[in-house]
Structure formats: structure tokens, C-alpha cells
Amino acid sequence: MADYVQKKRKELFLFGEQLSVLDVRSFYYLKKELGRSVRNSNELLYDAGKDAVQKMQSSFVKFLGDSARVLMSDPENALNEFVEVLNYLGLGEISIPESGLKTIKFVVRHSAEAQEYVNLKERSKSPVCYALAGIFAGVCEGILQNPVECKETRCIACGEEVCEFVIPSGDDIILTRGGGDDRQGHKA
Amino acid sequence: MGLKGMISIEKGLVVVAGERSVLIPPSFITLLQDRVMKEKGEKWREIFYEAGKKAMDNLAPTYKLIMLIPRNSASKKKLIEELVEIWSWMSCGRPEVTKIDLRNNHFTFRVYGSTIAKPYLGRGEMMCDYLAGMVAGGFGSIIGESLKCREVKCIANGNEFCEFEVTGV
Ligand SMILES: [Zn+2]
Chain P
1 MADYVQKKRK ELFLFGEQLS VLDVRSFYYL KKELGRSVRN SNELLYDAGK
51 DAVQKMQSSF VKFLGDSARV LMSDPENALN EFVEVLNYLG LGEISIPESG
101 LKTIKFVVRH SAEAQEYVNL KERSKSPVCY ALAGIFAGVC EGILQNPVEC
151 KETRCIACGE EVCEFVIPSG DDIILTRGGG DDRQGHKA
Chain V
1 MGLKGMISIE KGLVVVAGER SVLIPPSFIT LLQDRVMKEK GEKWREIFYE
51 AGKKAMDNLA PTYKLIMLIP RNSASKKKLI EELVEIWSWM SCGRPEVTKI
101 DLRNNHFTFR VYGSTIAKPY LGRGEMMCDY LAGMVAGGFG SIIGESLKCR
151 EVKCIANGNE FCEFEVTGV
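For the protein sequence lines, the chains are P and V, in the order given. Take the first sequence: its letters are residues 1 to 188, numbered as in the UniProt record's numbering. Take the second sequence: its letters are residues 1 to 169, numbered as in the UniProt record's numbering.
In case anyone wonders, no lab produced these hints; they're calculated from the structure. Each residue gets a CB set at the ideal place from its N, CA and C atoms; glycine is no exception. Do not rely on the hints blindly, as some may be mistaken.
What the hints assert, rightly or not - Which chain V residues stay away from chain P? Per the calculated CB distances, all over 10 angstroms, these:
| no. | residue |
| --- | --- |
| 1 | Arg20 |
| 2 | Leu32 |
| 3 | Arg35 |
| 4 | Glu39 |
| 5 | Lys40 |
| 6 | Glu50 |
| 7 | Asp101 |
| 8 | Thr115 |
| 9 | Thr167 |
| 10 | Val169 |
What the hints assert, rightly or not - Chain V is faced by these chain P residues, among others (derived, beta-carbon under 7 angstroms):
| no. | residue |
| --- | --- |
| 11 | Val38 |
| 12 | Asn42 |
| 13 | Glu161 |
As the list claims (entries may be wrong) - Short derived list, chain V residues pointing at chain P, Cβ under 8 angstroms:
| no. | residue |
| --- | --- |
| 14 | Ser21 |
| 15 | Ala51 |
| 16 | Lys54 |
| 17 | Asn157 |
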């Protein structure tokens, strides 16, 4: 599974598209600078995360062709598979403790987006992982083919043990079960 | 430093040059830049320059610790070259330092195939302000002085590579 990310000399690729490295401290300073200078920087990060993962999904389909299309037609499998891919991008340890008729929940341990707040002992009043929330919204939107919103409900930057993201919703969500801890060995 | 030491990709954790990192498509930065441009006009340059500079003001000093050179014999020139070697693992273009003049604090730095500029090919402008900030912060913290960095060539401007002039403030 780890070879989702391909190395060609010093360059990294995912599904044929280049990936760049952003260390978590640079990510933190970028977020701070945006927060200081633009309105709605949180929304901006959310949109950038969402856009990035949607582009990733389309290159996934282009790259794998028919097998990708088959996978995408099975929402639960597609979601698990994508979470597996995201787990190799350094964002944190991502799992789906429950998904069901009404909500999809993501739990991230050691969120890369919030880690520097913890390192610097900077306590935030509200969750800070906007890009991650956008990424999860983008993943689900691509799979469900329906607009969704994702909200971070717990965050390590606020002193919680993990970050938690919820996509509330509706009748449109038809995933039926979560994998919980047994996900570890999933297709590895 | 070999590939193994420089980059490690495991489930839940990516470490590059000793720093925990995320792997992002370059379009993540492009979208942020475009939206900031829309709201702030030319001021976007300053914002991204500052972000790059602050990151390296903080990072370069810790990179020094992981560089392989014994610290007692480490010359500033060697440290700059090592920093550029670390940057070459960021998968955002191939960096090269072409001039190191420590006496006059004058440096020239190039990036071939900047992933920050690539989406803007044909635009006719310099676009790598984030990289310029990184260079100013990175070189500055190695030599222990304030530096400024200006991009003078850019693939988005029709040049063959991106080139940066670094001088004292
Ligand atoms: Zn968080």
C-alpha cells in the first residue's frame, strides 16, 4: 500500500501527478500568515484542501481506468481505499470509527495541521484543521456525487486527544458500516 | 545523505530531512495564491514571501543540527550547500546555488522546474515569492544576518529557470 506514492529520483508522484513536500512547521507559518492577512483564511484552506483531493480523485480515475471506476461505484470501499491513500500523505493517522445512514465520522491522530500548535503549546479556542476538513468533504463529495459539508468537532489544538470530523447529512449517505480498528489490516 | 535517511513515508507519518511533513499536490498552494491575489492584489507577494521566510527562519537552525558536517568545522558555505541539498528533496523543483559570496553577502540561487511557477507558464510575471522568502530566511539564518531575496527570472515569465538574487538588507 505504501507504494501509492512513487519516487522518481527526488520527485514524488501520486497517480501520475507530482506531489510536493510541505513540512508541518512551514504549513503552520503559512496558515498563520494567511490568518493575519486575509479575510476568511479558514474557508480558503478548506477550499484548497477540497480542491486538491478532488483533483487527486480524478487523476486516480484517469490513472487506474476501469478498476477505479468499479471501486468508485462502491461508496464504502471507495471511502476506505481513499482513506488508505490519505494515510500515506503524512496528514496523520486517519480512521473512520463509524459511518452510517446519518453521518460519516473521521478521526485523525496527530493531525499534521494541528501538530505545531501542540508542539508550541499554543491552545486554540476552536478547531484549526480546516484543510483536513476540506479534504474529507472533497473525498466524500467525489464518492457520493453530492455536495457535503465537513466540520471539525474536536481538535488536538484545543487540547483534545484526537481531531474528529463529522459530515452530517442525510438520506444521501448510504454507507453502511465502519471498519473501526480492524481497518489496520485492510488490504495491506 | 541517502534517500533512506532523507525521506521516510509510513502509514500516518511522513518525515523529510528530519521534519514531519505532508505531501500535497502543488495545486494546493496555487489555489491559495490565486484566492489571496483575488482579495489582496499585488500584496499577495508579500504575504507568501513572509510565510516562506518565517518558516525558514524557524526551520533552518534545526536543519543545521541534522546536517552531517561536524559542527566545529562547518563553514557557512558548506551549510548553505547542505540546505539547498535538503530543499532538493522537497519535490518542488531542482534547486541549485550558483554564487556564494560571503564577504559581500551576495548569493545567486536557481530552481529548475519550480512547481510553484509551473501552473502560471505564459503569465509573464515572477511567481515564486514563497520560494524567495524561503531563501531569504534560510540563507539568512545560516549566516546570522538579515537578507532579502528577489526573483529575477521565472519560468512563468518565459525564462528557462527561476533565479533569485540574495543580498544584505
Ligand atoms: Zn485538528
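>> Could you work out which of the previously given hints the structure breaks and list their numbers from low to high?
In response: Violated hints: 1, 2, 3, 4, 5, 6, 8, 12, 13, 17; rest satisfied.
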